[in-house]
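Q: For this one, chain A is given, so just place chain B on it according to the hints.
2 protein chains.
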Amino acid sequence: MKVYEVIDTVIFDTCGDRKLEKSGDILMSGDPDMEVTGIVTSFMATVDVIRKAIAHGANMIITHEPTFYTGKDDIEWLEHDPVYLEKKKLIEDNQIAIWRFHDHMHMGHTDRIYDGLLKDIGWEEQMIEKNQPHTYEIAQTTLGELAEFFKQKLNMSVIQIVGDPAMPCSRIGILVGGGSLGLGREQMPMELMRDKNLDVMVCGEIVEWTLCAYVNDAKMLGLNKAMLVIGHERSEESGMKHMAQWLQPLVEGIPVSFIDAEEPFIYL
Amino acid sequence: MKVYEVIDTVIFDTCGDRKLEKSGDILMSGDPDMEVTGIVTSFMATVDVIRKAIAHGANMIITHEPTFYTGKDDIEWLEHDPVYLEKKKLIEDNQIAIWRFHDHMHMGHTDRIYDGLLKDIGWEEQMIEKNQPHTYEIAQTTLGELAEFFKQKLNMSVIQIVGDPAMPCSRIGILVGGGSLGLGREQMPMELMRDKNLDVMVCGEIVEWTLCAYVNDAKMLGLNKAMLVIGHERSEESGMKHMAQWLQPLVEGIPVSFIDAEEPFIYL
Chain A
1 MKVYEVIDTV
11 IFDTCGDRKL
21 EKSGDILMSG
31 DPDMEVTGIV
41 TSFMATVDVI
51 RKAIAHGANM
61 IITHEPTFYT
71 GKDDIEWLEH
81 DPVYLEKKKL
91 IEDNQIAIWR
101 FHDHMHMGHT
111 DRIYDGLLKD
121 IGWEEQMIEK
131 NQPHTYEIAQ
141 TTLGELAEFF
151 KQKLNMSVIQ
161 IVGDPAMPCS
171 RIGILVGGGS
181 LGLGREQMPM
191 ELMRDKNLDV
201 MVCGEIVEWT
211 LCAYVNDAKM
221 LGLNKAMLVI
231 GHERSEESGM
241 KHMAQWLQPL
251 VEGIPVSFID
261 AEEPFIYL
Chain B
1 MKVYEVIDTV
11 IFDTCGDRKL
21 EKSGDILMSG
31 DPDMEVTGIV
41 TSFMATVDVI
51 RKAIAHGANM
61 IITHEPTFYT
71 GKDDIEWLEH
81 DPVYLEKKKL
91 IEDNQIAIWR
101 FHDHMHMGHT
111 DRIYDGLLKD
121 IGWEEQMIEK
131 NQPHTYEIAQ
141 TTLGELAEFF
151 KQKLNMSVIQ
161 IVGDPAMPCS
171 RIGILVGGGS
181 LGLGREQMPM
191 ELMRDKNLDV
201 MVCGEIVEWT
211 LCAYVNDAKM
221 LGLNKAMLVI
231 GHERSEESGM
241 KHMAQWLQPL
251 VEGIPVSFID
261 AEEPFIYL
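Those sequence lines, one after another, are chains A and B.
Mapping of the first sequence onto the numbering used here: residues 1 to 268, in sequence order.
Mapping of the second sequence onto the numbering used here: residues 1 to 268, in sequence order.
By construction, these hints were calculated from the structure, which means they are not laboratory data.
A few of these clues could be false.
[Stated by the list, open to error] Here are the simulated DSSO-like cross-link-like pairs (lysine-lysine), alpha carbons at most 30 Å apart as the crow flies:
hint	chain 1	residue 1	chain 2	residue 2
1	B	151	A	151
2	B	89	B	2
3	A	196	A	119
4	B	88	A	196
5	B	22	B	88
6	B	72	A	72
7	A	88	A	153
8	A	2	A	88
9	B	196	A	89
10	B	151	B	19
11	A	88	B	196
12	A	196	B	72
13	B	151	A	72
14	A	2	A	153
15	B	89	A	196
Keep in mind it's a predicted model, so treat the numbers as computed, not measured.
Just chain A, with the same shape it has in the complex (with noise of 0.2 Å):
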């Protein structure tokens, strides 16, 4: 199987033929016409994933976010950047092609990243409407016996919260990534915290002027509010960790396997 026939059997098993005519998912690097060896599924085709991808044989890399640190991983920047040309030698003299698989992947039939992370988490038949990963029903508990939860289940040594970790909470909203940015609305996340009446809200990345402050001042005034901060990666990791077992008997005869790119942050 070629780079192109991985790629289009990916998006045609998650979207059917609603295939996006312009997208963020690009080949990065490579050349669509290679014979894949074998596949990694990663977060984040970091330095140390693309390594890992080298000794376990793989040529193909599919990440999730972007390899070269912008958005639309524009390059037009870093043609004279010391770890841009040290990355790019190290994907060119090891022939590695790198494809972004994000687009397609949160708008297929079902959100993959999300479903990948309610297998970990174990939240499939908490979803408050069918269908709608973003608020759950969960047996009550307390914001710290759920920051609890979420440090096993996805493997972290420290949780940010904003909240009293004594808090009851049952109604739990997930906004992975950079939803939890609010996808160009600063105010859809408190909409949907508002609007579905919901006690703590999990987020992937954030910003401290909007969600931040609107819980911080919820719990001031009393209100039952929360928020988790775990995180762009841990969020989404999950995700691309299930992906590695979807995608196996599709590409038949190629390995593939996951590579956890990991939380980038240590606590002091």
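A: Chain B alone, transformed into the frame defined by chain A:
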């Protein structure tokens, strides 16, 4: 002195005649003609900051960031929102004027947010170029020690890091508040880091697919790069703290005090 006179005095002292025709520096509540009994400065007019201002007998709050959860402080979407309605009642019942002092504060003869931060960390003499508060050269230290330094100076319990705590560093960038998002150009913080040969970038807000990914790759390639995330509020609060001091002599007879909006997060 009336509310509008305080505003005009602050803008003239900061920017002289360079008053912006359009800016985010709007009076979010209160009557411009109201007599001011006391002024509170803070990073954000949170519910707790408003309550403390009332307890101080102040009827004017000067806030750096929005009061109602979006960059432009739009309130249309909040018309029936319980958080908004309770906060608005608190403000109106106590006749508190809230003025945002943001754009003019950053475009002063010197950026007065940085001025305050530099007083708190004592780096006024470490600037690489005069009146360019984004880059510093300090005595060599390690990333771990630098994190401890910021935790102590800014009263933080946990700091988020990309990089090796043992990494030596002396050339440090600081991008406070939302500036670390790039101000409309995602690559700006990375270009600054590269072009000024910085070891560490100290950030307010971040997203994981830009500077964070760049620094993470640089680290994996063995380059001497790291990132400290101190957050929006912690990176800008010092500016509002020191504002209380420079504002006091300009509004003789009106008591001015600073109230710390405090970091919204806890870490579990």
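Q: Is the Cα-Cα distance between residue 88 (chain A) and residue 196 (chain B) 30 Å or less?
A: Within the cut-off at roughly 22 Å; holds.
Q: Given the hinted pair residue 2 (chain A) and residue 88 (chain A), is their alpha-carbon gap at most 30 Å?
A: Given that 30 Å is the threshold and the Cα spacing comes to 22 Å, the pair holds.
Q: Run the distance test for residue 196 (chain A) versus residue 72 (chain B): straight-line Cα separation, threshold 30 Å.
A: Holds, because 24 Å separates the two Cα atoms, which is no more than 30 Å.
Q: Does the structure keep residue 89 (chain B) and residue 2 (chain B) at a Cα separation of 30 Å or less?
A: holds (22 Å)
Q: Measure nothing beyond the straight line between the CA atoms of residue 88 (chain A) and residue 153 (chain A); if it is 30 Å or shorter, mark the hint as holding.
A: violated (34 Å)
Q: Do the alpha carbons of residue 196 (chain A) and residue 119 (chain A) lie within 30 Å of each other, as the hint requires?
A: holds (23 Å)
Q: Need the status of pair residue 151 (chain B), residue 151 (chain A): alpha-carbon distance at most 30 Å?
A: holds (24 Å)
Q: Is the straight-line distance between the alpha-carbon of residue 72 (chain B) and that of residue 72 (chain A) 30 Å or less?
A: holds (26 Å)
Q: Take a quick look at whether residue 22 (chain B) and residue 88 (chain B) sit within 30 Å of each other, Cα to Cα.
A: holds (25 Å)
Q: Check the hint pairing residue 151 (chain B) with residue 19 (chain B) against an upper bound of 30 Å on the C-alpha distance.
A: Violated, because 36 Å separates the two Cα atoms, which is more than 30 Å.
Q: Holds or violated: are the alpha carbons of residue 151 (chain B) and residue 72 (chain A) at most 30 Å from each other?
A: Distance of about 35 Å is beyond 30 Å: violated.
Q: Between residue 196 (chain B) and residue 89 (chain A), is the straight-line Cα distance small enough, at 30 Å or below?
A: holds (24 Å)
The structure does not agree with the numbered hints 7, 10, 13 and 14 stated previously, though it agrees with the rest.
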